[in-house]
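Q: Sequence:
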Amino acid sequence: MNETLNKLTSRFIDDFTTAKKVYKLDGYYAASSYAASLLGSDVKIDEDRLKEAKKLIGRHSSGFVNIKSTLAKEVAAAAVAESSDPDYAAQKINELYNTLRKICSGSDFFGVPASIVFKSVQNVHYEDTIERVNAIYKGLRKKHPFLTSYEDIVGCTLMALTDKSVEDIVNDSEECFDILKKKFVINNNAQTVACVLSLFPGTAEERCDKVIAVEKILKKAKISFGDRSLGTLATIAMVVKTEDLQNYINDVREVSDTLKSVRGLGNLGVGRQFRNLLSSAIVTAAYSGEEKTNIEASAVNGIVSTMFTQHLIMVACMSYAICSAANNVHFSSSSN
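Note that my numbering has the sequence shown beginning at 68, numbered continuously upward.
Just so you know, these hints were derived from the structure itself, not from any lab.
What you are looking at is a predicted structure, and each value in this text was computed from that prediction instead of being measured.
A virtual CB, placed ideally from N, CA and C, is assigned to each residue, including glycine.
Honestly, I wouldn't trust all of these hints.
DSBU-like, lysine-lysine: derived pairs with alpha carbons at most 35 Å apart [claimed, not checked]: (1) Lys-248 to Lys-186; (2) Lys-327 to Lys-231; (3) Lys-122 to Lys-111; (4) Lys-210 to Lys-135; (5) Lys-122 to Lys-209; (6) Lys-111 to Lys-135; (7) Lys-286 to Lys-169; (8) Lys-277 to Lys-231.
Restraint ranges, calculated between C-beta atoms of paired labels, are given here [unchecked claim]: (9) Thr-309 to Asp-245: 33 to 43 Å; (10) Lys-210 to Val-132: 42 to 52 Å; (11) Asp-109 to Arg-330: 35 to 45 Å; (12) Glu-272 to Glu-70: 20 to 30 Å; (13) Gly-269 to Lys-210: 32 to 42 Å; (14) Lys-118 to Gly-331: 16 to 26 Å; (15) Lys-249 to Gly-269: 42 to 52 Å; (16) Gly-130 to Lys-91: 35 to 45 Å; (17) Gly-331 to Asp-109: 42 to 52 Å; (18) Ser-136 to Asp-113: 21 to 31 Å; (19) Ala-288 to Asp-235: 15 to 25 Å; (20) Pro-268 to His-192: 18 to 28 Å; (21) Leu-335 to Glu-198: 24 to 34 Å; (22) Gly-333 to Asn-73: 32 to 42 Å.
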């Protein structure tokens with residue numbers, strides 16, 4: 068493991084451990100989403116700083132539905148703790164969260180796009196960016212009213228951060244979808260991948276072909292992510308150079324072996340498939356720092372490195388929700 072990869076892996080483990088202490092009842096997936104959101108950050112966040120961020124998120128939350136009670140509260144807390152002005156960050160992220168909630172129902176994950184917008188956009192452009200997210204969401208929903216839902220908000224947010232017009236990026240996504248729906252049995256998966264691919268340049272055929280090719284290579288290497296995280300596959304296909312794929316696979320395996328020894332990240336914790344996601348996020352961040360990616364050819368420039376982790380965070384939140392629901396059912400059954 069080279070120095071960059073070792074540094075990022077160690078940082079991830081430290082952040083994961085810190086989140087487990089501060090959010091003791093939220094489980095390993097929540098701690099993972101927190102640590103993933105800080106990949107590439109130079110700000111050292113200790114337990115006290117995270118506790119303060121947690122308090123500030125709660126202080127600025129209001130109403131029956133708010134960030135502090137959602138599955139993405141750790142992600143929001145990470146953005147607050149990372150900020151040079153935590154109080155301002157907590158206030159703005161809560162405001163962005165409340166504005167995003169107006170786009171569609173289902174608010175458990177909206178702390179993720181709120182944090183993305185806060186970290187990626189200057190204050191004067193917050194309103195314009197949210198308007199673009201809304202317009203892109205409506206554009207997707209017009210084409211696919213039964214497929215498009217709150218789960219697509221992260222993808223819409225990333226699409227809104229590009230320089231492409233709303234019409235162009237929605238149409239680009241649709242071109243990719245028309246190709247991918249023949250590949251993926253579940254159309255929701257096809258739309259997720261199409262949204263990610265719309266962030267990058269090139270013809271729809273070229274991008275879709277590369278995703279399909281990379282999926283086969285990773286499958287042969289026994290690295291899988293699951294249906295919920297196919298946006299991750301698309302990001303790898305677009306970001307990692309073809310000639311570096313084998314090295315990428317080797318690095319993912321090495322990082323996975325390291326994470327496996329950490330309590331909560333082993334097979335009895337988050338499990339192998341989710342650990343593959345974490346390892347891939349770490350390796351992708353390392354490659355971005357070493358200019359081993361196609362970043363220079365991308366229209367999204369600085370946010371490429373965040374795409375991977377934001378999709379991972381969504382998977383973490385959803386996995387946490389599933390586990391929580393299962394635990395509640397088990398508890399109810401045990402009580403009867």
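Q: Against each hint, give a clear statement of whether it holds in the structure.
A: Right, here's what the structure says about each hint:
no., hint, result
1, Lys-248 to Lys-186, "holds (33 Å)"
2, Lys-327 to Lys-231, "violated (40 Å)"
3, Lys-122 to Lys-111, "holds (18 Å)"
4, Lys-210 to Lys-135, "holds (34 Å)"
5, Lys-122 to Lys-209, "violated (40 Å)"
6, Lys-111 to Lys-135, "holds (23 Å)"
7, Lys-286 to Lys-169, "violated (39 Å)"
8, Lys-277 to Lys-231, "holds (22 Å)"
9, Thr-309 to Asp-245: 33 to 43 Å, "violated (24 Å)"
10, Lys-210 to Val-132: 42 to 52 Å, "violated (28 Å)"
11, Asp-109 to Arg-330: 35 to 45 Å, "violated (27 Å)"
12, Glu-272 to Glu-70: 20 to 30 Å, "violated (39 Å)"
13, Gly-269 to Lys-210: 32 to 42 Å, "violated (21 Å)"
14, Lys-118 to Gly-331: 16 to 26 Å, "holds (20 Å)"
15, Lys-249 to Gly-269: 42 to 52 Å, "violated (19 Å)"
16, Gly-130 to Lys-91: 35 to 45 Å, "violated (26 Å)"
17, Gly-331 to Asp-109: 42 to 52 Å, "violated (25 Å)"
18, Ser-136 to Asp-113: 21 to 31 Å, "holds (25 Å)"
19, Ala-288 to Asp-235: 15 to 25 Å, "violated (35 Å)"
20, Pro-268 to His-192: 18 to 28 Å, "holds (23 Å)"
21, Leu-335 to Glu-198: 24 to 34 Å, "violated (45 Å)"
22, Gly-333 to Asn-73: 32 to 42 Å, "violated (20 Å)"
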